[in-house]
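Put chain B on the given structure of chain A with help from the hints.
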Amino acid sequence: MAIVEMKHVDMLALQRDRQALLRALQKLRCFQIMPQQTDEGSFSPAGAEKDLPSVEETLTRIDWAIGKLHRYDTAKKPFLGDLPSIDEKQAEETLQKLPSALLTIRMLESLERRAGDLRGQSARIDAAREQLLPWLSLNVPLHEIHDTKTTVQMLGTVPKEALDAWLAQEKLSDLCYLREVSQQRDQACVYMILHRSCKDAVLQKLKAAGFAQVSLRDVYQTPAERVKALDKEQSEVDTQRAETNRQIEALAEHLDTLRKLYDLLTSKRDRLQAAKQLTESDKTFFLQGWIPAPMAQKAEEALKKVSPTVALEFYDPLEGEEPPVLLHNPKATAPFESIVSGFALPKSRSFDPTTIMMPFFVNFMGMMISDAGYGLMMALIIPILIFARKPAPGTKRLLWILTAAGVASLFWGAMYNSWFGFAPFPSVFDPVKNAMPVMMVCVALGAVHLFVGLGVAMYVNIRDGKWLDAVYDQLSWAMIIAGVGILLILGLSIGQWMSITGAAVVVFSAGRHKSKNPFKRLVSGLGALYGITGWISDLLSYMRLFGMGIATGVIGMVINILIGMVMQSGVFGIIIGSVVFVGGHLFNAAINTLGAYVHSCRLQYIEFFSKFYEDGGKPFRPLSETSRYVYVRDVQRGDT
Amino acid sequence: MSIGQVLALLGAAVAVIGAGMGSSKGVGVAGETSAGVSTENPEVNSKLLVLQLLPATQGIYGFLIAVIVLINTNVLGGSMVDVTLYQGLGLLMGCLPIGFVGYFSGVKQGKVAAAAMIMTGQRPEMSGKGITMTVMVETYAVLALLVSFLVVNSIKL
Numbered sequence: 000m001a002i003v004e005m006k007h008v009d010m011l012a013l014q015r016d017r018q019a020l021l022r023a024l025q026k027l028r029c030f031q032i033m034p035q036q037t038d039e040g041s042f043s044p045a046g047a048e049k050d051l052p053s054v055e056e057t058l059t060r061i062d063w064a065i066g067k068l069h070r071y072d073t074a075k076k077p078f079l080g081d082l083p084s085i086d087e088k089q090a091e092e093t094l095q096k097l098p099s100a101l102l103t104i105r106m107l108e109s110l111e112r113r114a115g116d117l118r119g120q121s122a123r124i125d126a127a128r129e130q131l132l133p134w135l136s137l138n139v140p141l142h143e144i145h146d147t148k149t150t151v152q153m154l155g156t157v158p159k160e161a162l163d164a165w166l167a168q169e170k171l172s173d174l175c176y177l178r179e180v181s182q183q184r185d186q187a188c189v190y191m192i193l194h195r196s197c198k199d200a201v202l203q204k205l206k207a208a209g210f211a212q213v214s215l216r217d218v219y220q221t222p223a224e225r226v227k228a229l230d231k232e233q234s235e236v237d238t239q240r241a242e243t244n245r246q247i248e249a250l251a252e253h254l255d256t257l258r259k260l261y262d263l264l265t266s267k268r269d270r271l272q273a274a275k276q277l278t279e280s281d282k283t284f285f286l287q288g289w290i291p292a293p294m295a296q297k298a299e300e301a302l303k304k305v306s307p308t309v310a311l312e313f314y315d316p317l318e319g320e321e322p323p324v325l326l327h328n329p330k331a332t333a334p335f336e337s338i339v340s341g342f343a344l345p346k347s348r349s350f351d352p353t354t355i356m357m358p359f360f361v362n363f364m365g366m367m368i369s370d371a372g373y374g375l376m377m378a379l380i381i382p383i384l385i386f387a388r389k390p391a392p393g394t395k396r397l398l399w400i401l402t403a404a405g406v407a408s409l410f411w412g413a414m415y416n417s418w419f420g421f422a423p424f425p426s427v428f429d430p431v432k433n434a435m436p437v438m439m440v441c442v443a444l445g446a447v448h449l450f451v452g453l454g455v456a457m458y459v460n461i462r463d464g465k466w467l468d469a470v471y472d473q474l475s476w477a478m479i480i481a482g483v484g485i486l487l488i489l490g491l492s493i494g495q496w497m498s499i500t501g502a503a504v505v506v507f508s509a510g511r512h513k514s515k516n517p518f519k520r521l522v523s524g525l526g527a528l529y530g531i532t533g534w535i536s537d538l539l540s541y542m543r544l545f546g547m548g549i550a551t552g553v554i555g556m557v558i559n560i561l562i563g564m565v566m567q568s569g570v571f572g573i574i575i576g577s578v579v580f581v582g583g584h585l586f587n588a589a590i591n592t593l594g595a596y597v598h599s600c601r602l603q604y605i606e607f608f609s610k611f612y613e614d615g616g617k618p619f620r621p622l623s624e625t626s627r628y629v630y631v632r633d634v635q636r637g638d639t
Numbered sequence: 000m001s002i003g004q005v006l007a008l009l010g011a012a013v014a015v016i017g018a019g020m021g022s023s024k025g026v027g028v029a030g031e032t033s034a035g036v037s038t039e040n041p042e043v044n045s046k047l048l049v050l051q052l053l054p055a056t057q058g059i060y061g062f063l064i065a066v067i068v069l070i071n072t073n074v075l076g077g078s079m080v081d082v083t084l085y086q087g088l089g090l091l092m093g094c095l096p097i098g099f100v101g102y103f104s105g106v107k108q109g110k111v112a113a114a115a116m117i118m119t120g121q122r123p124e125m126s127g128k129g130i131t132m133t134v135m136v137e138t139y140a141v142l143a144l145l146v147s148f149l150v151v152n153s154i155k156l
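Going line by line, the protein sequences match chains A and B.
Residue numbers for the first sequence, in numbering that gives the first Met the number 0: 0 to 639.
Residue numbers for the second sequence, in numbering that gives the first Met the number 0: 0 to 156.
Just chain A, same shape as in the assembly:
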């Protein structure tokens, strides 16, 4: 319940048991190793494991291979399914396959290299082909276009306008022949032959017009022949590429092994990295860390089994030390831990609000979904999904939260008389026709929520022996708000006096930590009293319960009205109407559930937590096995 008590643990053991012990710790998943600063006497920081770099390199290669082969994975991921699991024997066998897996990776590497080469070749052929295309109609082997004793022959491109001008009137020269071979956008590809005597003059004109010479001297065929040859080459390369791809695809059958190896080796790497944090002498090593107090005994037994000589010492955290935070709650509220940690973990010596928050969270979410039909479907279908598909732990937690919200939504939907947007029963508590009572209930629930928050703060203060703080900071505010409530709702004048007393306490006490000067204290007390506006906005914030609630019901109603119109137009109308009915209500349920979830979170984080929450805990991260692709079952623990 609440924040698990952490114990310091010191461990002294023999060097030869080191790997076995670290493995055992990893299996236990309850030991967070902390780096040590102390180098007492003969103990010195452990040297880097010599295996570590090679394991890291192998991991990088496996990860690369998984990334490459991933897209050929034919096995479908099951909907909502959990990761597969293997037992330790299978894990051992998988590790035996490491050399063959490395061989696979080497093969994949060379295939990938080949695929890269082929890609390059293909691109080169493409480029060469591209270059030849404009000259297809030239019917001579291109290397024959060269200068002779008296003539100069050239291929090149020139802007179309210039060429047109030359062809029409002003010839480049009398001793120059020009022919347009083809046209590429606004450039003309031209062949020309001219007498050497006019070369310089012509070249100058050409240059001025933007002529660019094209050299294709290395082609010993006519362009058409050459292109044909290139096409043939290309198709050969394509065949080879397809073949290489087929070979790579064939390697995808090893994907499963590679994934398992990835997890197993990552666990090994973590173990080796953990080993860097310990100190050692010749024959022994020393390790410090955190362990949850309830696990201490079990861990000791398990470790003694691995190494009878291991010495363990547990002791309480020192003053001023912040142990890592692990939340533990009863099964019913445990899924809601993710909502608390989604905000921030509480400080190690403060209070875990999960259990006390849970009824409010579920209730608010239900009020905002507020359709009995949606609620019923969620409460029925989601548990079936959980049992049938056995989703991964994180997904499972979320699904249980949604189930609980479904039940609450069934209740509030029935109160609001909204079943899939229909109102089949005579309404008692109708937010659309008679909004006022519903709004009052929303604010009243908000007041209860805020008061519980104050109560928690009081409890924490009293638990820590700060009685006066509880009176000054919480009881005073409770009196002010409750007093105003009594005055406004019941009309009793006692409320007035309660409020005034509370306010007086706030004014005189709020500045007590800030200054010794009574006048300054009074000023900051008055400032604190201004916090009443915060209470008003906090209370009004619960109006969203009403707003989001009617949104669901009214949109559902609109969907039904629209469908009612479509339905009247014959058989097709009925078919289309049914499809729209299912789709429309699914959409409405989905978007409102999302809205209800985030707004319910907000009401906890901003309104509720601000009354008492101390965040800033560091999460407990024990040395554990990696489960990215596969779980390794532990026979001893009886995991299934």
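When the alpha-carbon atoms are kept at most 27 Å apart in a straight line, the in silico DSSO-like pairs for lysine-lysine are as follows:
id: 1; chain 1: A; residue 1: Lys330; chain 2: B; residue 2: Lys128
id: 2; chain 1: A; residue 1: Lys395; chain 2: A; residue 2: Lys26
id: 3; chain 1: A; residue 1: Lys282; chain 2: A; residue 2: Lys26
id: 4; chain 1: B; residue 1: Lys128; chain 2: A; residue 2: Lys395
I should point out that these hints are in silico values taken from the structure, not numbers from a laboratory.
Structure of chain B alone, referenced to chain A:
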């Protein structure tokens, strides 16, 4: 068609147009950012989807108010009831809060959502806080929805 009826329809239009434009802009900005962040870090994609959907609600609120106007004036029933000038003005006034607040909060929420996405891309464990930040903006749209709803629903035709 009387002037009151036209004003009522104008109100419905303002609610849908204002809030719908706000949401379109907001979801659009958020979507662009989501695409960018996803290319860098595809694993956070599902978290980004939630953020992108948050600015979508203003449009739904506007639509909701417009439909209530259309239901109350029986436009959906096929024959619009008679609406006096003052009733029509009242309906129009009722539609203004969600039309205007819906527009601005939709746009701003989109920007906050985009910023939260960038944060989530860099530090996925902060996604809860990003969502909280984004939801803060929505409060005012919910308040506007409430007032619009109360006003529109209070006008008896």
